[in-house]
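Undergrad: For the protein sequence lines, the chains are F and A, in the order given. Per our numbering, the first sequence starts with residue 126, numbered consecutively. Per our numbering, the second sequence starts with residue 128, numbered consecutively.
Calculated directly from the structure, the hints in this document are not laboratory data. One should not assume that every hint holds.
[Claimed, not checked] List of simulated lysine-lysine pairs, DSS-like, C-alpha gap at most 25 angstroms:
(1) LYS562/F with LYS363/A
(2) LYS145/F with LYS708/F
(3) LYS192/F with LYS708/F
(4) LYS562/F with LYS516/F
(5) LYS145/F with LYS363/A
(6) LYS733/F with LYS717/F
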Amino acid sequence: MGSNMAEAHPVGFQWVVEAKARGAKVVHVDPRFTRTSALADMHVPLRAGSDIAFLGGVVNYILANDKIFRDYVVAYTNASFLVDERFADTEDLDGLFSGYDPSSATYDTTSWQYERGGPGGDHRAHKEHASGHQYGSGGPAVETTSTIARDATLQHPRCVYQLLKRHYARYTPEMVEQTCGTPRDQFLQLCDWWTEASGRERTSAVVYALGWTQHTVGAQFIRTATIVQLLLGNIGRPGGGIMAMRGHASIQGSTDIPTLFNLLPGYLPMPSTESGKDLATYLGSIAAHNQKGFWRNADAYTVSLLKEYWGEHATGENDYCFDYLPRINGDHGTYRSAMDMIDGRVFGFFLLGQNPAVGSANGRLQRLGLANLDWLVVRDLAMTESATFWKNAPEIATGEIVPEECRTEVFFFPAAAHTEKDGSFTNTQRLLQWREKAVDPSGDQRSELWFLYHLGRRVQQLLASSTDPRDRPVQDLAWDYAVQGDEPDAADVLRRINGHDLTTGELVDGYLDLAADGTTSCGCWIYSGVFAGGVNQAARRSPRTTRPGDFSLEWAWAWPYNRRILYNRASADPGGRPWSDAKACVWWDAAKGEWTGHDVPDFERAKKPDYVPPDGAVGVAALHGDDPFVMQADGKGWLFAPAGLHDGPLPTHYEPHESPFANPFYAQQGNPTRMVYGRPDNPSNPSPPEAHTDVFPYVLTTARLTEHHTAGGMSRNLPYLAELQPALTVEVSPELARERGLEHLGWAHVVTSRAAVDARVLVTDRMKPLRVQQRVVHQIWMPYHWGPAGLVTGDVVNDLFGISLDPNVLIQESKVATCDVRAGRRPRGPDLVRYLEDYRRRAGVTVATGTRIDTAHPTAPAHSAPRPGPVAEEVRRRLGAAEVAPPTPTRPRTEDA
Amino acid sequence: MTLGTHPLYGPVDDVATQAGHVGHPPRVGFFTDTSVCIGCKACEVACKEWNAVPEDGFNLLGMSLDNTGMLGADSWRHVAFVEQPRRLGRQDGGVAGLPVGPSSTSYAAGVVAGRLRQAERGGGELGTAPLDPGVPGGGPPPPGGADRMDFRWLMLSDVCKHCTHAGCLDVCPTGALFRTEFGTVVVQDDICNGCGYCVSGCPFGVIDRRPTDGQAHKCTLCYDRLRDGLEPACAKACPTDSIQFGTLDELRDRARGRVAQLHALGATEARLYGDDPDDGVGGCGAFFLLLDEPEVYGLPPDPVVPTRDLGRMWKAAGVAALALAAAAFSVFVEGRR
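Next up, chain F with everything else stripped away, as it sits in the complex (with noise of 0.2 angstroms):
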């Protein structure tokens, strides 16, 4: 669901070919019938963005028919855990839970705990700082040891279990198909088929990607997956799972050692300025101290880190420099920032291999934003739309960005790609890759690391006689990497993200080594391990054919400790046996004393399977014998999860932003703590209970197609690529085409308040209308690929969406929309700039528009998110820019939305 894996993933479907060639069932959920589809036992359309309700059913399904693996539901997860008393729930509430404001649209959640577990205090969440992503995989501080209530029998009315019953009960197989627009025998096809492969012998998978993240609603779309593979026993053990396929090759390498504002390498949180008072309080901030699990070691982590970043100067006198990190007051995310641009609250940008003017969401308030600043850097493999806005963005014919007149400085430092140079990549399944140079980079193309290297070497040239104190971080810096030539080393990088023992100068062999007190160095503790034994794990490449038994244990390394399956200790039941000998992984081998089996135990090796922890432990020694989930604060998976998540502790069907349906479950609409900016710039296609609907009748979706590479940079230039898909495409059901006189292969054009985008007509069978609430809802899709530079050209699709966010993880939607589409071609200039004021006059839409987002009271203020306070000119003045630009007329106009 939410994935073509086909067709984005190809080389990783291979597996799912090699499973049906095995015997397992496919079933593809989704919107269309794709290449994905084409190859699947069963294609089950839905309407995009009704995940939640969907597989709400299949919870409510399997409760109902009892199908829940009871032993594994029991033991390894939180299902019979109660819940404090003041929890309300959405079925109370008409959508919301406990603890909702309405004036911030934030939750307190402290209703939302277990028990006599909580720690009280304030619970407000501060969503701003996108504060559930900064949990990671090891989830919020809660207080755990042996204090929560829980009912091993399920049957009290505040446990987990029973909320659960009660929240999805009207999740029923009719309201689905009412929601979803999915026919009813097949959903409950696909739930027999699901809950049938899943239990003690057989275990089923998930796959999912963008098409889950790019939504209002998208971590919950993952938590409702997560519920019913922990209901059915399906995480932790071979053939289950939950799988994210991510977006980029390294994009898991890229969250685990982030380029995200709200994270440091292996998810430790950015110091806040609330929590980055100093070490103590930012530590207390991540880990509660008498918390159970792993993240209780993040002082070791932490100061780990320090000590890589400042190497001798990180002392325990001065908390290892711990003040030289910066603090974030609030959302600092890609598109707060590219807001933030057109505002004149940031004057300079990198761009390392992004293309925002044609890949993110609202692509003319990107592209504004870019027109807006001093200077700014893009490095690439070609001349992406990016570097070349300024005299080919479309807002050249409307006459917004005047070429001569755009303020903006580019520099352009073409990029050496991935065969001319060394490193590694971080797969989907955690896994390291490295890969060795094939031939040496072609003219000025130079590699990231020989970029980075070597600008913050000159900036530390630069700044080596200044006095003052704010340079210390930059001057203090151990910026001493191995040196190849003028290229730094991959591999040393990589030793010192393995850590090292700094009274030995050794390499450690993993986090177990790292310690709190400065004798060791680390620069992301979940990769420590890589370098093992002082080997590049990561180059391994011994194949599974050559390892009969194992889990291809030496292709390669996963973080952490090259295992292979996570929490992996719940493929064996509470005694240590495996469930199943079909589904084995690892065990508990009582003669040895140890764990042991095909995969590296995700558990203390020597830890029983009956172990009590005594009475005061934290930590790590907290975990009982049978607690898998070792990275959660309580040890269990989550069922319920009673903090982390800004929207809910229990996933709840909430329309999308932009739609063209109430919600048929509750009053409230939308995510009631999404993130939406009412702005000229910004405007949103009403959704109910707004009125004027019907002007953006259709649910558009986009997607990419195998032949083309996300923004189109790494594929419109290729000839052999631009060939296979040559122009910009909307498909379109026979039953549309015929309802808007649209043919196939010609011009039509999508419109929502934002842009009116080109493109040729594919009629297909692919697309399917769909009955939802009693009425045909028809769904219109376009790959995204396509802008005014390259080999093969057309109108930027991400045009069309504007920017609404998911509360946890700043996600954009932009896998979902409400549209209009027309026979022929766009008017273009002045002209399209009054189609679209007269499609927003006709719909009524406002900066109002879509902010009002608590709908269950009707009184309730609009919401937009807060902007923070004007601060560019002060930071200009302090940069010594005396000489500020006054603004141009190439800054944006205002609309009268």
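Using the hints, position chain A against chain F.
TA: Then chain A, alone, in the frame of chain F:
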């Protein structure tokens, strides 16, 4: 039928020996299992990259997701996409119970065919040269017809068949086309004089001349890679093993097993194409598992090498020559009288 020691038709046990290779490796080929093709076109790209085949135009063909059209001088692999309003084996195409009307598959195919007819060479440029597919026309899908009940999407990566009796090779007057030690058929562009006989000699419409150099080009089964012990680029790139490379005997065994497996799974329409040594080209070095009639994929149902009739034609010509000679002789004899 044979002419001297050179068979022109029917099964041949060892094409390489027959071509004069001594101590040669076993005959190799492709088994393309279309039931696991995901239409990613990695084969098309890998082929062009390895063999430096030029791009042939950035034109939207719109035949489902196929913008290559067919094999030609500049397309040595071609992935065909076929959309059909019918069921594939026991697959549930997810149409039942939806508010659908008539299928658009034949409408869309008709629009493409109509546009090709308006092109300069009537679509003959496909796979070889840039093509202007003409102006749109014909309007949206017409109303009427039965509601669609099901859907399936077939994909097939087409390639030169490397026939046992290769029409292109047999008609080549320069020797540019030759049979390799691997039993494959390769054209040498430093010898080809561009006469074009091979183009009409191929019963599959595979080989074509490139407008820029006038010479004939087609799949070499990566002859250079074979000689280095590597598998062809397309098979190497295929993520799902839809394209399988190997010795022909082994591939044929594997293919028969796969057909039996698919039949057992309910896909009774699965059949092999080009695997039969008794067919009109003596069996193909590159053969296919299809899920419908060959015509559906753009393959000829009963390809016959033109040389099949060569013996009969020579006989007829010989008889005619003899008759003429006899007549001339009789005239001469009678003239002497």
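Undergrad: All hints are to be evaluated individually against the structure, with a verdict given for each.
TA: Hints versus structure:
A hinted pair counts as satisfied when its Cα atoms are at most 25 angstroms apart, and LYS562/F with LYS363/A qualifies at roughly 21 angstroms. This hinted pair checks out: LYS145/F and LYS708/F have alpha carbons roughly 17 angstroms apart, not beyond 25 angstroms. Restraint check for LYS192/F and LYS708/F: satisfied, since their Cα atoms lie roughly 19 angstroms apart, inside the 25 angstroms limit. The suggested pairing of LYS562/F with LYS516/F is violated, with an alpha-carbon distance near 35 angstroms, which exceeds 25 angstroms.
At roughly 21 angstroms between alpha-carbon atoms, LYS145/F and LYS363/A fall within 25 angstroms of each other, so this suggested pair holds. Proximity of LYS733/F to LYS717/F is assessed by CA-CA distance (about 11 angstroms); at most 25 angstroms being required, the pair is judged to hold.
Consistency note: the structure conflicts with earlier hint 4 alone.
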